[in-house]
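Here is how the chains run, residue by residue.
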Amino acid sequence: MSLGPIKQVIGRAVPVPGDDIDTDRIIPARFLKCVVFDELGGQLFYDVRFDSEGKSIGHPIDKPQFVGASIIISGDNFGCGSSREHAPQAIKRAGFNAVIAGSYAEIFFGNCTTLGIVCAVAEKAVRDELMKAVEANPAAEMVLDVEGSKVKFNGKEYAVDIKPNAKKAFVEGSYDSLAELLNGLPQVRELEKTLKYSFV
Amino acid sequence: MGKSLFQKVWDAHTVRVLPNGQTQLFIGMHLIHEVTSPQAFAMLRELNIKVAFPERTFATVDHIIPTEGDARKRPLADPMAEEMFQAIERNTKENGITFFNPETERQGVVHIVGPEQGVTQPGTTIACGDSHTATHGAFGAIAFGIGTSQVRDVLATQTMSIAPFKVRKVEITGKLNEGVYAKDVILYIISKLGVNGGIGYAYEFCGDVIKNMSMEGRMTVCNMAIEGGARVGYINPDETTYAYLKGKPYAPKDWDKAVAYWNSMKSDADAVYDDVVTFKGEDIEPMVTWGITPEQAIGISQSIPAVSNEVMAEALEYTGFAAGDKMDGKKVDVVFIGSCTNGRIEDFREAAKYAKGRKVAAGVRALAVPGSYNVKKQAEAEGLDKIFIEAGFEWREPGCSMCLAMNPDKLVGRQISASTSNRNFKGRQGSSTGRTLLVSPVMAVAAAVTGTITDARKVFGIGG
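Chains as they are written, first to last, in the working numbering: chain B, 1 to 200; chain Z, 1 to 464.
Misleading hints may appear alongside valid ones.
[To be verified] As a list, the in silico EDC-like pairs of lysine to aspartate or glutamate whose alpha-carbon atoms are at most 20 Å apart:
1) Z:Lys410 with B:Asp51
2) Z:Lys8 with B:Glu190
3) Z:Lys73 with Z:Glu314
4) Z:Lys8 with B:Glu192
5) Z:Lys253 with B:Glu192
6) B:Lys124 with Z:Glu310
7) B:Lys196 with Z:Glu397
8) B:Lys196 with Z:Asp11
9) B:Lys196 with Z:Glu171
10) B:Lys33 with Z:Asp78
11) Z:Lys410 with B:Glu53
12) Z:Lys266 with Z:Glu171
13) B:Lys33 with Z:Glu239
14) B:Lys124 with Z:Glu314
15) B:Lys196 with Z:Asp256
16) Z:Lys50 with B:Asp176
17) B:Lys33 with Z:Asp283
18) Z:Lys257 with B:Glu53
19) B:Lys193 with Z:Asp254
20) B:Lys33 with Z:Glu68
21) B:Lys193 with Z:Asp78
22) Z:Lys50 with B:Glu190
23) B:Lys196 with Z:Glu346
24) B:Lys193 with Z:Asp11
25) Z:Lys326 with Z:Glu285
26) Z:Lys50 with B:Glu192
27) Z:Lys50 with B:Glu180
28) B:Lys132 with Z:Glu82
Simulated from the structure, these hints should not be mistaken for laboratory data.
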């Protein structure tokens with residue numbers, strides 16, 4: 001709950017091309033059988049990373065030049081489907097701190113923000129150029145400037161969009177809202193009395 | 001200037017605007033299940049925080065529970081499933097939360113249990129750690145799918161931090177042709193508006209087709225709002241809604257007062273919407289998906305369209321179908337009737353009507369999985385179980401079953417399933433190469449008895 005501000009994310013990037021990458025793809029349902037999130041990092045993208053014998057089939061995040069990357073670049077509607085927080089948890093536990101995509105499914109976006117994973121939106125032309133530049137120079141670090149809504153890579157700057165609410169929360173370090181919600185509990189109890197329904 | 005139901009419910013539940021600019025929104029009713037709640041309780045324990053309003057949370061177990069009688073005996077054979085089961089038993093007991101468990105015969109898929117217990121009511125806000133929570137919008141509730149951190153927030157404060165939505169009125173005029181069902185309506189809408197068309201929106205479904213739909217049908221429509229990107233979908237409550245709710249265990253005791261409140265929360269005639277789209281009910285035919293997103297759906301008479309984007313190409317590579325193919329005639333290996341989309345009594349009644357006296361085709365495995373104990377008991381009281389069993393279906397115990405394969409019900413290898421569930425994502429039904437074709441329950445029966453995707457209206461002589 002007491003989390004540090006996130007003004008920028010610095011790290012190597014990995015292109016994970018494709019639109020509509022759903023949360024079943026990010027973390028297949030069978031890995032949801034857990035009561036803690038600890039093991040999820042190794043199961044990220046499992047069914048598109050490994051064959052039936054568990055051997056790598058060359059998913060971008062397993063390519064030697066991208067191992068250790070901390071920023072994912074992907075397509076439209078990233079994180080669609082199930083509300084499972086296991087998806088952003090897997091992303092975070094696999095070492096990723098930011099995603100740059102064309103758009104996000106809402107539940108996924110909210111889950112990421114709460115966990116401090118920055119979800120930036122970039123136009124297709126920008127993503128295509130970034131993907132190419134990263135492929136050509138995978139060892140170079142990318143800087144995602146949260147406050148300035150831009151990406152710096154290889155001496156060039158690219159505009160990205162970060163939702164104002166999320167940006168404010170990252171910069172202030174207030175992206176996990178529980179502490180603030182708890183502060184409002186007296187008002188919550190007042191509002192409850194005005195509701196026209198109850199279950200007792 | 002009038003307000004929509006969404007705005008009225010939002011206003012009535014707004015505690016305050018948070019410093020981060022979002023709304024602290026009160027959640028009138030919270031549903032939990034075993035998959036997305038244990039971590040939330042663990043977080044609370046770590047922070048030494050108590051559940052603020054335990055009487056406003058209700059629990060069940062659905063995703064991991066086996067649907068074969070003997071396999072449900074405790075401890076469950078899968079130790080991880082057993083641990084999750086025990087976690088929700090312990091967490092509900094320790095926090096004084098009502099648990100609709102198998103012993104009380106009130107267990108079932110969370111989105112089926114809420115409505116049948118009567119805790120899903122008009123004019124309320126509802127949250128559940130499950131994306132299909134929009135189902136409850138069928139009653140004129142504003143219902144949000146949430147992640148586990150938000151489950152924690154709701155347990156700790158009965159509120160969550162959320163930004164308001166735009167509202168799109170989705171009107172379906174006229175009437176449906178015979179043999180066309182709620183499932184076809186929502187697949188049609190998603191095929192037109194896209195899987196991300198609803199991002200940022202709540203969908204208000206309306207029009208004569210919706211007005212004349214049963215509560216079961218309305219739940220099917222709202223259930224899949226999220227598949228169109230809309231986190232919230234809802235329908236204004238009316239006499240159909242009230243008739244369904246009356247007599248349910250948690251229905252309000254002061255009925256007249258409740259109805260007055262519900263009526264007051266309906267969208268005003270002059271409500272302002274951010275967007276309006278209209279479809280004609282007559283244009284909809286039985287639908288079937290051909291790809292890896294619910295948007296990739298066509299009418300049974302249509303052909304798979306030419307590839308116009310990367311996801312379509314990826315889908316065809318995965319499914320092995322080709323642009324120009326009809327789905328009519330495609331062989332299926334498995335048929336699944338059930339899930340929070342189509343696991344209600346009306347779904348089984350309609351399916352049984354056509355399964356009666358027929359046989360599941362050789363080589364096809366067919367499952368009929370009631371969504372809850374209530375559905376199962378009602379179906380058995382009407383003799384529907386016997387119809388399915390005689391036709392060669394497996395008649396199962398309640399749970400999520402093959403919708404997402406977190407339990408023993410799974411596809412194997414490249415199997416193709418005709419499924420009444422909600423997602424045809426890659427690997428969704430438990431095999432990383434398995435293929436899912438989403439259809440209505442009656443289309444599923446047609447697939448079961450012919451062994452192929454086929455127009456149920458022709459097989460069963462509906463409307464002809």
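Structure-based check of all given hints:
Proximity of Z:Lys410 to B:Asp51 is assessed by CA-CA distance (about 18 Å); at most 20 Å being required, the pair is judged to hold. The suggested pairing of Z:Lys8 with B:Glu190 holds, with an alpha-carbon distance near 18 Å, which does not exceed 20 Å. With a CA separation close to 41 Å, the supplied pair Z:Lys73 and Z:Glu314 exceeds the 20 Å bound. Note on Z:Lys8 and B:Glu192: the hinted pairing holds, with a Cα-Cα distance of about 16 Å set against a maximum of 20 Å.
For the suggested pair Z:Lys253 and B:Glu192, the alpha carbons sit about 19 Å apart, so the restraint of at most 20 Å is met. With a CA separation close to 13 Å, the supplied pair B:Lys124 and Z:Glu310 stays within the 20 Å bound. Of the supplied pair hints, the one linking B:Lys196 and Z:Glu397 is violated, its CA atoms being roughly 36 Å apart against a limit of 20 Å. As the CA atoms of B:Lys196 and Z:Asp11 are separated by approximately 13 Å, the hinted pair is consistent with the 20 Å bound.
A distance of roughly 29 Å separates the Cα atoms of B:Lys196 and Z:Glu171; the hinted pair therefore is violated under the 20 Å criterion. A distance of roughly 10 Å separates the Cα atoms of B:Lys33 and Z:Asp78; the hinted pair therefore holds under the 20 Å criterion. Using a Cα cut-off of 20 Å, the hinted pair Z:Lys410 and B:Glu53 holds, with the two alpha carbons roughly 18 Å apart. Simply put, Z:Lys266 and Z:Glu171 have alpha-carbon atoms about 16 Å apart, close enough for the 20 Å limit, and the pair holds.
A hinted pair counts as satisfied when its Cα atoms are at most 20 Å apart, and B:Lys33 with Z:Glu239 does not qualify at roughly 41 Å. Between the alpha carbons of B:Lys124 and Z:Glu314 the distance comes to roughly 18 Å, so the proposed pair stays at or under 20 Å and holds. Between B:Lys196 and Z:Asp256 the alpha-carbon distance is near 12 Å, which keeps this suggested pair within the 20 Å criterion. A C-alpha spacing of about 18 Å is found between Z:Lys50 and B:Asp176, which places the hinted pair at or below 20 Å, so the restraint holds.
Proposed proximity of B:Lys33 and Z:Asp283 is contradicted: the alpha carbons are some 42 Å apart, above 20 Å. Only pairs whose Cα atoms come within 20 Å are accepted, and Z:Lys257 paired with B:Glu53 is rejected, the gap being roughly 61 Å. A distance of roughly 17 Å separates the Cα atoms of B:Lys193 and Z:Asp254; the hinted pair therefore holds under the 20 Å criterion. Restraint check for B:Lys33 and Z:Glu68: satisfied, since their Cα atoms lie roughly 19 Å apart, inside the 20 Å limit.
Proposed proximity of B:Lys193 and Z:Asp78 is contradicted: the alpha carbons are some 44 Å apart, above 20 Å. Under the criterion of a C-alpha separation no larger than 20 Å, the hint pairing Z:Lys50 with B:Glu190 is consistent with the structure, at around 18 Å. Using a Cα cut-off of 20 Å, the hinted pair B:Lys196 and Z:Glu346 is violated, with the two alpha carbons roughly 31 Å apart. At most 20 Å may separate the alpha-carbon atoms for a hinted pair to count; B:Lys193 and Z:Asp11 meet this at roughly 15 Å.
Restraint check for Z:Lys326 and Z:Glu285: satisfied, since their Cα atoms lie roughly 14 Å apart, inside the 20 Å limit. Distance check on the hinted pair: Z:Lys50 and B:Glu192 sit about 17 Å apart at the alpha-carbon level, within 20 Å; holds. Proximity of Z:Lys50 to B:Glu180 is assessed by CA-CA distance (about 16 Å); at most 20 Å being required, the pair is judged to hold. With a C-alpha separation of about 47 Å, the suggested pairing of B:Lys132 with Z:Glu82 is violated against the 20 Å cut-off.
Violated hints, listed in ascending order, are 3, 7, 9, 13, 17, 18, 21, 23 and 28; each of the other numbered hints is respected by the structure.
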